[in-house]
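Trainee: The chain contents come next:
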Amino acid sequence: MDELLAVFVQESREQLQALEAGLIALDRGEHDPDTLNGVFRAAHTIKGGAGVVECDFIVEFTHVVENTLDALRNGSRELSPPLIAALLQCSDHLSDLLDLLEQSATPDAECLARGQQRLANLGNPTTPTPTPTAAATPPVAANSDRHWHISVRFGLDTLRHGMDPVSFLHYLEEMGEIVGLATIYDQLPALAEYDPEGCYLGFEIDYASTADKASIERVFDFVRDDCLLHIIPPDSKVDDFIHLIEQLPETPPRIGEILVQVGALTEKELQQALHTQSQLPHDDDHPAPKVGEILVEHHHVPPQLVEAAAGKQGKLQAGQNHTLRIQADKLDKLIDLVGELVIAGASARLLAREIGQTRLSRVTQIMSRLVEEIRDSALELRMVQIGETFNRFHRVVRDLSHELNKEVELNISGAETELDKSVVEKISDPLMHLVRNAIDHGIESPEQRLAAGKPARGKIGFNAYHDSGSIVIEVRDDGAGVNRQKVLKRAIERGLVSANQSLSDTEILNLLLEPGFSTADKVSNVSGRGVGMDVVKRNIQSLRGRIDMESVEGQGSRFMIRLPLTLAIIDGFHVAIAASTYILPLDSVVRCLEFKDAASDRDYLDFGGEALPFVRLRDLFRIDAPMPPRQNVIVVQYAGQKAGLVVDQLLGESQTVIKPLSSMFQHMRGIGGATILGSGEVALILDVQALVQLAATRETDSLSVQREPAVNQPA
Amino acid sequence: MFKPAQDLTIYHVAALKQQLEQYLAQSPSDMILDVSAVQDMDSAGLQFLLLTQQEAGRRQLKHALHQPTVAIKQQLAFLRLTPVFTFEE
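Protein chains in written order, with numbering that gives the first Met the number 0: chain U, 0 to 714; chain W, 0 to 88.
Rather than coming from a laboratory, the hints here were simulated on the basis of the structure.
C-beta: ideal position from N, C-alpha, C; glycine also.
Errors might be hidden in some of the hints.
FRET-style restraints, in silico, Cβ to Cβ [to be verified]:
| # | chain 1 | residue 1 | chain 2 | residue 2 | range |
| --- | --- | --- | --- | --- | --- |
| 1 | W | GLN66 | U | THR265 | 35 to 43 Å |
| 2 | W | THR68 | U | THR265 | 51 to 59 Å |
| 3 | U | ALA112 | W | PHE77 | 26 to 34 Å |
| 4 | W | THR68 | U | GLU176 | 24 to 32 Å |
Full structure from sequences and hints, please.
Mentor: What follows is the structure, given as structure tokens:
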């Protein structure tokens, strides 16, 4: 049951996100019926799932929300901003309830009161005080003459999929009343063939409900793929039942009896039905089609076809994304193994080369290619689109701008850009902070904006794109921008810099990312507690990324976060200094040159007319070995900045599994990790970002010329 | 008398099937199920109960539920299966 519960919680969270996204869209004035239907469906699915896992407090709460949405959907209520706000609050409450469920807790009195209050805010005209029974039982009696007939045979694997057939009946009871019921177990085999975890059950149900067919079908959403489901609407003709009898596995007299027993047919109607069936054309050579045979056939028809034939649209909508949920740690294990495979493959290739056997080399080559593909596909499994993370901010922007009486819209582009799941998880907090900051400090009040000749409504933009092995995430606003004088003044006040220090524009902006800095004149509870921006910077650095900022006073600011796509494996470029091998991420390599003026003590060289700063790794790592006859410069690039790295030898490219350095080595400058080579030797992975920065600062120091600040941005 | 060692749920049915096979191997004279300790019965458990009855019929053994708990009675009543079984106190 626990697993089912976990699936329910996870799926409900997704539904909740969809619900919230829909509400936000409605709030923005996108009043198309699809959005409203989507919101309704999300609520309904949560309620349905809660019914299946028998979580009453969620069923009760969601039921009222669903009623409101239904009223909106059928036009009996009007959508208004206060109602959307109330619905959003209900969505928050549902999220709280899911938290409780996850902790196997139940809501306490305070939580219940809060829930009631939130439901009351919906102002449902018909909302009864949502006591458990009142809320869970819609008015059935009023229309109880609408009798549906539901016939269901569960698939053999239903139990193994974590579903309990009986719980579907309990859920049906929440939308109506089970008037008649027959439990069918004719398929139960003898002991020898009995699979205790197989499912042999079916039900014939006489069901009084005002729900529509789609709603009843949705009850069985979780098992629809492998069950035989027939729903016969109220007031159907006897013909429909004849059709049903033909479809069911049991013999016609037996099923007929059951149908009479549950009250779907009268005895007379049954006789008529059976008579009709025996009238079907047949002679001695062609006996009447046995219902069993029809069924066997029926079983062999893929359920999708049957459903399509029956025009069950709801199902098609629900089943659109065929996804498989996998636990993250299983995936991590796979990536780990692929990492080992990469190392083992490299080792095999090396050996083959040493032996010099062509056929062996060819085979290992093919293998390497396959391993490479496996690596890429394995890493791809972990890739998720960033859009989902972005979309969550619609709500944040809406709430915050209301709170601060500002008008702000959020524009998203590049939502389909993918990055590693572990990175996505960690990027959410920094983004949250940047957005809060942008709304609080960046975007001005509508009056100020109008006075400055800007539209009253401010804009915050998210953008994401891939750039040479990294993902770049931008957060920009068209607010007030940064007043550098104010920043400098504050920094001096705070003692971050001394008054007579001369700082470049970029250096001043970077002060904003220092600990203990806040420029807001008034401290609000949104941001401005003087903590955060430095934490953002630290968080991003811990992901091997960096954050840069641009700002034009009066026009807005832009933050650029640059992160590696994955944290596990890179395409490495191997170089050697003396006897040791070092590895650079291949993505960062721009060009390799021969190092000509080794004798000079300058730290920059002419690279296509540009002064290119370089670092002698031999010196940096204090390698004391005889100089080789020739050295090479590798031109690397990080975030648009180039630098040269001087090494002895170029060894070529190979896949590299990053093994993190233990904390003992983490203070080492210029080293990002380690790996094991195919030969079994350990090689260090160079931290290009740090090296490029090192080269740049050295260059500015040594030249002591006022130049364009170190951080230049790609256009 | 056959006394299920555990609750009649999906988690235990595999073990229960074995227990039943062992029980039948002793050529018992009846198939009276002592379900006085069963607190929970789900669909898988219900199937097991139905199976014991079917198996008893096949072997012409007397089948009954001995001192069923409220949980069992409620479940059977909800599924309209009460008339299917014989109960004994």
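Trainee: Run through the hints listed earlier and report the numbers of any the structure violates, in increasing order.
Mentor: 2
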